[in-house]
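Work out the full structure: start from the sequences and follow the hints.
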Amino acid sequence: MSNSTKTKYDQAFDKALGMLNQQQLDAVKQTEGPIMVMAGPGTGKTQLLGVRVGYILQNTDAKAHNILCLTFTNAGAVSMRSRLLSFIGPEAYNAHIYTYHAFCHSVIQDNIEYFGGYRELQLISDIEQIEILNQIIDELPKESLLKRFKGDLYYDRNNLLKLFSTMKQENWKSDMVDKNIADYEIEMREDESMIYKNSRKGKWEKGDFKQAAFDKYMVKYRKTKEAVALLGKYDQLLYERQRYDQQDTILFVIDAFEKNENLKLDYQERYQYILVDEYQDTNGSQNDLVFLLSDYWEKPNLFVVGDDDQAIYRFQGANMTSLTDFISKFTPDRYVLKNNYRSYQGILDSAYKLIRQNSERIGNQTEEKNEENDPYKLVESRKDRKGYGSEPIVYKYQKKTLEQAGLVSKILELHEQGVAYKNMAVIYRGHKSATDLVKYFTLKDIPLQTKRKVNVLDQPEVKKIHNIMLYLAGEYSKQDSREDLLFEILHYSYFKIAPRDIGYIAAHCSNYADVKEDDRKWRKVIGDEEQLQKLVQDSESILDFSVMLEDWIGSIPNMTLQRLFEKVITQSGLLNDILMDEDKTFRLQVLNKYFDLIKNESAKNPDFTLDTLIANVDIMRHSNISLPLEKVIQNEEGINFMTAHGSKGLEFEYVFIIDVTKKNWEQKNAGRGFRFPPDLVPISETADIQDDRRLFYVALTRAKNFAYISYSLFDDEGKDLETARFISELGEHISAVDGVVSEEQTLDYVTGLMTYTEGTPVLIDRDLVARLLKTFSMSATALNKFIRCRLSFYFENLLRVPMARSATMGYGSAIHYALEMYFKAMEVDPERKSPDPDTLTTHFIKGMKIYRSHFTQMEFDNFNILGEKILREYYDEYKDQWNTAKQTISEKNIKHTSIGEIPIKGKIDKVEIYDDHVKVIDYKTGTYKKDKLAGVSDEDQGGDYWRQLVFYKLLVDNDPTLDWKMKSGTMDFVEKAKTKVKYDKIELPISSQDEEAVTKQLQESWTAIHNYEFEQFCEDENCRWCNFVRDTSMVQPLELDESYNEE
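Using this note's numbering, the letters of the sequence shown correspond one by one to residues 289 to 1335.
No lab work stands behind these hints, which were simulated from the structure alone.
Computed from a predicted model, the values in this text were never measured in an experiment.
Among the clues, some could well be false.
Under the rule of at most 27 angstroms between Cα atoms (straight-line distance), these lysine-lysine pairs were calculated in the DSSO-like manner [as the list claims (entries may be wrong)]:
(1) Lys855 with Lys872
(2) Lys1134 with Lys1180
(3) Lys1220 with Lys1174
(4) Lys1193 with Lys1220
Pair ranges (Cβ atoms, derived) [to be verified]:
(5) Asp746 with Thr1144: 29 to 35 angstroms
(6) Arg909 with Ser487: 37 to 43 angstroms
(7) Leu428 with Pro894: 49 to 55 angstroms
(8) Arg909 with Arg477: 53 to 59 angstroms
(9) Asn309 with Glu549: 38 to 44 angstroms
(10) Glu1189 with Thr319: 23 to 29 angstroms
(11) Ile1153 with Asp554: 40 to 46 angstroms
(12) Thr1295 with Ser462: 53 to 59 angstroms
(13) Trp585 with Lys739: 52 to 58 angstroms
Cβ atoms here follow ideal geometry from the backbone N, Cα and C, with glycine treated the same way.
Structure representation (structure tokens):
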């Protein structure tokens, strides 16, 4: 890093440090020991964490990779790294900033030898969970309290799943729960409610035990005890299927740390400083992980930041006692941040009065009774516009339509006064409250930002493509069996068949017969050219459809389901239809999610077929299993629409909190499936009005200057709506005023909703690209693809258009897997002896099974034979050379590094470590082509293989955790070319000129990507994506630069 660059970052850090108040500064400068910071809304928590990391790096011997930061969301990790970049520059990429699950996944992947068969495990799908839980219930003895013989036989399935999830989140063991229930049973035997207080002649005497009442009461707990005992069986069935569930990742690491002291010590030595954000949201197992990482020291350098007033994720298992447990365990130095740099004091005062109603908060434990001296009462400390704003204003309306029209009127009025749309936010409890508002603003072409989760299976896109798959499966099984679907399918817009022509065919096929069996068959009619010419105006479109349909049906036994799906979406015109649509980003995400279902299930089940897909989707629909996707409408200049949960961490000049009725904002506890003793009630099941109040508090404290709160007295059907209690808790002087909206404004709003339509298309979705680039790291593969073809990079790396897995990809992955496991087996041998060739081929066969979804049956059989043959030959050629290195590392993953400000990552197939250098080796299963290893020249940008090896050198040199000296890279071709006697194993020395050339290409590509420069044709006349653009109506709006091809 140059001196000028250092100066820039030093200046930025010094400026940030100088802006801290005394409490913040004290917390930052106390680098040693356990520290807890209570950081209320707007008190500069994110800035504090970033500056603390910078301060540690400047004032201790610690390096960036010695600091571990744990966050709850990927967005939080991105935000923290972004803040660090401004303080310490590219070194920020070396700091280990993770979510809990990502950290544990990293521990497992970097220490696979401690985790048994984890390498073979895959995350269980919802469908597989249903199958396992059904199996558990089916195998219960008939006397089981969980067994049912009529009605819903699997009534307790979801309750069991929730129970197992809770036990894993809290790291509860079955015997602990058993003991708790047994102790509670003893306690209840002594409870006065179980003793008769009066005598009843012939029935019982005063003081007798109520055995019947006791048995009835305890049966619920005995049912829980029986259910808890099934966790072991659930885990066993997971293991038998080579699966794990979401909570297991953290539990695997906890278990490994507890059983392997050296592994835990390695991480304790590595991370000299640990910072945890949003500590109030941790659950039991996450807490255990943090405590294990820090238990070497009596006073660990553990810095946690939290605010129990903003603990709004109890329903997800967040433990409200995390903060108090931390205080009890470590007796930390505590700092309370009360200077608020966001909001007007009137808003803070109302928020304080509101949250003081909660009894379950640390702030209420203070002995200070004077509100003004309360350290937990936030004080406006803004330098700009201090004193500008108002107390919350509450509007009441007669009905919901008027409330929404009033909101629209107020937003438009503010905008006319010069307030930017992006400085306004509409916050609600559930998305339903804002659906019509989003529609209206879209109609009026007023920019907005919003996101919400949808079920992909309910989206029109997926319903249509699934209907096509249903039809193909039915027709392949029995011809003419799914004519019920064909009429609808013919109407899909991308087939471009006139509805009137479909009507003519329908009338012809029905034959006006009384008996359906006498009808003419649709499939035959749409393929009969002579018949069609008599029936319809555009016979050609229908004939093309028929030919395509027959081809798809004929392809079912001859290709994988993934390739069939890819063929259908491409040939049908669906993909083109999506990419030409204004809403292409979301529609493509929907299609991708459905395709991911196919790919993921195919990977887990080698026998996954079209029929299996149909059956699985049926299970998902009947079991209410969602295929979730977050729908995002993003315009950075737009009005912000969000749920109260989604608003956390954000701030806006103007905030509108809408639909504040009891029904919306005061959620009833849904109740639990299994009963727990009072001392063991899961945190996620104790939600009450205090949680709802915290959520409203979070929504209110998003406002900088103005907070408008609104509710309706009646719904649009005239039914009474009760106001949420929180409005009355804002302060005695806060009272609702009548919301006024004119008839003209109301009429405009109502008629606007009735004429809601879509807009016009644009190809390059800059908002989407910008969003993706926030978490994008450049790999050698991505760089090669961008240099070869920018359009391919755009469609495949950014838009992620569905691409089927091919047989060659699966074969290559199986070869890589075999070599990885072989060399790992060699390394665990004390004498580092090369295992025999059977070990190598056995791992290959297992790898082929792992990647079975890539192959048809014939391909699978052929590649199995080929792979065993070439690996035995490869073994014979090199077996005596494999243990000459001091150490061999397979599948080395490098991800925490950068070139300047460009994050880079990569996975190296094999690293051979010698005394004074390392060799980096990349396996290839294809054929050696000399030009791919050629370096850069005036006429050419260099070959892919050359660039890949140089990129690996950049990775190794820039990873601060490695002290390797890489002199060269090797392309190792596993299969000998038929025309050659020797294997191709090409070692490429890497010069400083090579590094400079690839660094320059990387920088130029990174700049071009951030400038959205994708619109050029490449030189490959067979390029799928260039030809796709040429062959569609995309060419004109793209304004592609044809001179690139001519050059």
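Worksheet item: Taking only the CA atoms, is the gap from Lys855 to Lys872 under or equal to 27 angstroms?
Response: With a Cα-Cα distance of about 19 angstroms, the restraint between Lys855 and Lys872 holds, given a limit of 27 angstroms.
Item to complete: For Asp746 and Thr1144, compare the CB-CB distance with the range 29 to 35 angstroms and indicate the outcome.
Response: Roughly 32 angstroms apart at Cβ, these two residues keep to the hinted range, so it holds.
Practice prompt. Go ahead and decide if the range 40 to 46 angstroms is satisfied by the Cβ distance of Ile1153 to Asp554.
Written response: Once the Cβ atoms are compared, 43 angstroms apart, the range 40 to 46 angstroms for Asp554 and Ile1153 holds.
Discussion item. Please check whether Asn309 and Glu549 have a Cβ separation lying inside 38 to 44 angstroms.
Written reply: holds, 42 angstroms
Worksheet item: Range hint 49 to 55 angstroms: satisfied by the CB atoms of Leu428 and Pro894?
Response: Cβ of Leu428 to Cβ of Pro894: about 30 angstroms, so the range 49 to 55 angstroms is violated.
Worksheet item: Between Arg909 and Arg477, is the Cβ distance one that fits in 53 to 59 angstroms?
Response: Distance hint for Arg909, Arg477 is violated at roughly 47 angstroms.
Item to complete: Could you see if the CB distance from Arg909 to Ser487 stays within 37 to 43 angstroms?
Response: Roughly 59 angstroms apart at Cβ, these two residues miss the hinted range, so it is violated.
Discussion item. Can you confirm whether the C-alpha distance between Lys1134 and Lys1180 stays at or below 27 angstroms?
Written reply: Measuring from Cα to Cα gives roughly 21 angstroms; hence the hint holds.
Worksheet item: Between Trp585 and Lys739, does the C-beta distance stay in 52 to 58 angstroms?
Response: Given a distance of about 42 angstroms, which is not inside 52 to 58 angstroms, the answer is violated.
Worksheet entry | Given pair status - Lys1220, Lys1193, alpha carbons within 27 angstroms | Distance ~21 angstroms between Lys1193 and Lys1220 Cα, so the pair holds.
Worksheet item: Between Glu1189 and Thr319, does the C-beta distance stay in 23 to 29 angstroms?
Response: holds, 27 angstroms
Fill in: Beta-carbon spacing of Thr1295 to Ser462 - inside the hinted bounds 53 to 59 angstroms or not
Once the Cβ atoms are compared, 57 angstroms apart, the range 53 to 59 angstroms for Ser462 and Thr1295 holds.
Checked against the numbered hints given earlier, the structure breaks hints 3, 6, 7, 8, 13 and satisfies all the rest.
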